[in-house]
Structures are given as structure tokens and as C-alpha cells.
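If you read the protein sequences in the order shown, they are chains V and G. The numbering used here numbers the first residue of the first sequence as 1 and each following residue consecutively. The numbering used here numbers the first residue of the second sequence as 1 and each following residue consecutively.
I should point out that these hints are in silico values taken from the structure, not numbers from a laboratory. These numbers were taken from a predicted model, which means no experiment stands behind them. Treat each hint with caution, since some may be false.
Negatives, chain V to chain G, calculated, CB over 10 Å [stated by the list, open to error]:
#1 L15
#2 A19
#3 A31
#4 P32
#5 S37
#6 R41
#7 A48
#8 M60
#9 D67
#10 A96
#11 E108
#12 L130
#13 S190
Okay, derived cross-link-like pairs now, BS3-like style, lysine-lysine, Cα gap no bigger than 30 Å in a straight line [said to hold, decoys possible]:
#14 K112(V) <-> K57(V)
#15 K54(V) <-> K81(V)
#16 K57(G) <-> K62(V)
#17 K28(G) <-> K116(G)
#18 K116(G) <-> K156(G)
#19 K25(G) <-> K57(V)
#20 K62(V) <-> K58(G)
#21 K62(V) <-> K81(V)
#22 K116(G) <-> K66(G)
#23 K25(G) <-> K57(G)
#24 K112(V) <-> K152(V)
#25 K54(V) <-> K66(G)
#26 K62(V) <-> K28(G)
#27 K58(G) <-> K28(G)
#28 K116(G) <-> K25(G)
Ideal placement from N, C-alpha and C gives every residue a C-beta, glycine not left out.
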Amino acid sequence: MHSQLTTTDLFTGVLVRLAALDPERDPATIAPWFSDSEYHRLLDSDPARPQTPKQVKADMEKRAERDDAFPFAIRALEGDKLIGFVSLWAGNRTNAEGWVGIGLGEREYWGKGYGTEAMRLILRYAFHELNLERVSLEAFADNARAIRSYEKAGFRHEGLQREAMRRDGRRQDVVSMGIRREEWEALLVSA
Amino acid sequence: MQSQLATANLLTGALVRLGAIDGEKDLKPMRAWSRDAEFLRLFDSDPARGWTEARLKKDLEAAQGKDEPNPNAFAFLIRALDGDRAIGLADLNINHWAHREAWVAIGLGEREYWGKGYGTEAMRLLLRYAFAELNLARVSLGAFAYNARAQRSYEKVGFVAEGAMRQRLRRDGQWWDMVIMGILREEWQGRR
Numbered sequence: 001m002h003s004q005l006t007t008t009d010l011f012t013g014v015l016v017r018l019a020a021l022d023p024e025r026d027p028a029t030i031a032p033w034f035s036d037s038e039y040h041r042l043l044d045s046d047p048a049r050p051q052t053p054k055q056v057k058a059d060m061e062k063r064a065e066r067d068d069a070f071p072f073a074i075r076a077l078e079g080d081k082l083i084g085f086v087s088l089w090a091g092n093r094t095n096a097e098g099w100v101g102i103g104l105g106e107r108e109y110w111g112k113g114y115g116t117e118a119m120r121l122i123l124r125y126a127f128h129e130l131n132l133e134r135v136s137l138e139a140f141a142d143n144a145r146a147i148r149s150y151e152k153a154g155f156r157h158e159g160l161q162r163e164a165m166r167r168d169g170r171r172q173d174v175v176s177m178g179i180r181r182e183e184w185e186a187l188l189v190s191a
Numbered sequence: 001m002q003s004q005l006a007t008a009n010l011l012t013g014a015l016v017r018l019g020a021i022d023g024e025k026d027l028k029p030m031r032a033w034s035r036d037a038e039f040l041r042l043f044d045s046d047p048a049r050g051w052t053e054a055r056l057k058k059d060l061e062a063a064q065g066k067d068e069p070n071p072n073a074f075a076f077l078i079r080a081l082d083g084d085r086a087i088g089l090a091d092l093n094i095n096h097w098a099h100r101e102a103w104v105a106i107g108l109g110e111r112e113y114w115g116k117g118y119g120t121e122a123m124r125l126l127l128r129y130a131f132a133e134l135n136l137a138r139v140s141l142g143a144f145a146y147n148a149r150a151q152r153s154y155e156k157v158g159f160v161a162e163g164a165m166r167q168r169l170r171r172d173g174q175w176w177d178m179v180i181m182g183i184l185r186e187e188w189q190g191r192r
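One chain only, chain V, in its complex shape (with noise of 0.2 Å):
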């Protein structure tokens, strides 16, 4: 006798749901977020440079078209609203290991668990979906309210990858974090 399927729509939350970007609306909304290099920089180690509509319709595109990279819109449940993204990049399958990034362009929603829940929600895509055995992600150590948002959501601290970025005359270290799907299940029976 099998246990029961889960049936809980794994893309929504109490805050937010995981839904398709949409590369005819949603570059409009996305685009701007560049133009916030404090954004920008959080986001990624690559120099902030401004976007535009067409350059990020392009980008979502050519993810939508393959099969190794699961890119979603995050919506706030209240009023539907595009507030940032989350993607998953499960290309290293013979390890069964996804890699994540994730972003909030609107201001905002900065610090209210909004991202956290998004983050919680593709980690149960990616361990009840696609069945990888780990994820991980590369936090930057100055970006402390980011690093606390993976711990709650249970990332570990696994290295340092040490003065790796240069940022205003200043350099940083890159924190590698993964979480293993153990730890992950260890979670769901403790909630």
C-alpha cells in the first residue's frame, strides 16, 4: 500500500507563490530592478550594469528553453504582484544537485519573509519534484539579511571562498551554503 501523494499545490505559500515568467509582460517590471545597483549587487558579483525590457525578455527566453533551469516569478499573494525571482539550475544530474539564485527587486518586501517562504517553496520543488539530493547556493558575506533568510530556510555554512569579491575598494568573502535532502526532511518533520 502506497502512502498518499502529495496534493498541496507546491507552488504557492502563505505569502507568495512560484509562477511562470511571462516574457511579453514581465521584462516591463523586471528591467527596472537593474537600474537599483544596490539590487544589482546583492543579486550578483558581475558589475552592476542597467537592463533593459528587451535584454532580460531575451535572457528569459533562452532559460525557458531548456530543460536543465526551472526560472519562476515570485508573486506576492496580495494583489498577484511580481515582487522578484527565483531560480533553480539542476544541470549536474549525475549528482542530483541543484543550484540556486534568488532576488527581490521590489524594495518593499525586503525583510519581511517574503523571500524566505520563496525560498522554502523551491526547496520542496527541488527535493519533492525534481528529486535532487542537495542544493546549493553562494551568499555574499556582507549580505547579512540575506545569509539569515537561507539559514531559516536551512542552508548550512559549508566554506568560504575567501576576499573573492572587490566591492568599493573593499573585499569580501563568498559564502558557499548547501543544504542535503536529509536535513531538508529533518525539517518538514520538526514543522
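Start from chain V and add chain G according to the hints.
This is chain G only, laid out in the frame that chain V set:
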């Protein structure tokens, strides 16, 4: 302390090796195999027809990709170690990695290598690749009811008949089942 990594050449056995398919050099023997209708009917449920060069190149591109290899499709040429002669094909396809399952197919185009253990060893190598390199959890195949030699070979390497798609094939005015066979990772490990 971790146990040692297997350093054996995964792709080479005692009789055969699994090699890459060269889209230029290797098409000639493959086209010759496709003139043998019995080979085609043992290998594939598609209507037997000669393989054109254009068709082979298209199939090859599907597995090897244009710019980067297709991570879900692996196509090998089976080469007899003696003379390094191309004697057959071994394919492995993964529907989705989430379920860690592959479907395999194997065929020997050179008749003088039938029934002598070449195909069985090629399948053993393919299974080792599936479990030891790709870390898959199960491997499946479909065997044609009229091909008893193939089924015996699959059983020898550990496949178990799990069911049958009834009347899946119609050939020469008769219906034939396709037997679904599978091997689980634990079963494969237990045999080593």
C-alpha cells in the same frame, strides 16, 4: 576515509568496447546493417527500412547535440576489441532525471557476432555506465516476444521481466507482445 574510486575503464570489457559514433567514418557500416531486414526487426519496432545517411546524421545529432552533447541521450558504437571493428549500437535515453531511470536498446548489425556474448557484454558495460557513472536508479528496456535470444541475454545481465504490453507489435500477420524488463540499482550492485 573514502573507499577508492573505480579506475577501471568503464567503457571497455573483454570482448567489446563502447565507443563514440563518428558522424563521418562510422556511417558506412551502419548503412550496411540497415540492408538486413532481420536485424532491423530485432532492433526496432519501426517499419524496417534502410538507413539513409541524412537520417543517420539527424539521429546522431539528436544524441550528440549540435553545440553541446544532449545530457539525456547517449549513443555508443559497439566495437569488437579484436580489430576494433564496429559491430553494433548501444543507446541509453533518460526521460527525466528526477526519476533516475533510463531506457536502453542494443543491436548487433554484424551477424557473425550474434550469439557469442558480444551483445551481452555490451549490455553489461551499458549497465555499468548507467549505474556507476550516471548514478541512475533503474534501467528499463522493451524486448520483442519473437526475440528469445535477446531476452536470454538481458536475463543474463540481470534484467527481470516485469510485464508485457500485449500485442504491441504486428509482424508477418501475427501479434507479438513487448516484454518490459527492468533492473534496479540494488539488484545490479548485488550481482557484482
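Structure-based check of each hint:
| no. | hint | in the structure |
| --- | --- | --- |
| 1 | L15 | holds, 27 Å |
| 2 | A19 | holds, 21 Å |
| 3 | A31 | holds, 28 Å |
| 4 | P32 | holds, 33 Å |
| 5 | S37 | holds, 34 Å |
| 6 | R41 | holds, 31 Å |
| 7 | A48 | holds, 30 Å |
| 8 | M60 | holds, 20 Å |
| 9 | D67 | violated, 8 Å |
| 10 | A96 | violated, 7 Å |
| 11 | E108 | holds, 36 Å |
| 12 | L130 | violated, 5 Å |
| 13 | S190 | holds, 26 Å |
| 14 | K112(V) <-> K57(V) | holds, 28 Å |
| 15 | K54(V) <-> K81(V) | holds, 21 Å |
| 16 | K57(G) <-> K62(V) | holds, 26 Å |
| 17 | K28(G) <-> K116(G) | holds, 24 Å |
| 18 | K116(G) <-> K156(G) | holds, 13 Å |
| 19 | K25(G) <-> K57(V) | violated, 42 Å |
| 20 | K62(V) <-> K58(G) | holds, 23 Å |
| 21 | K62(V) <-> K81(V) | holds, 24 Å |
| 22 | K116(G) <-> K66(G) | violated, 36 Å |
| 23 | K25(G) <-> K57(G) | holds, 12 Å |
| 24 | K112(V) <-> K152(V) | holds, 13 Å |
| 25 | K54(V) <-> K66(G) | holds, 27 Å |
| 26 | K62(V) <-> K28(G) | violated, 37 Å |
| 27 | K58(G) <-> K28(G) | holds, 15 Å |
| 28 | K116(G) <-> K25(G) | holds, 26 Å |
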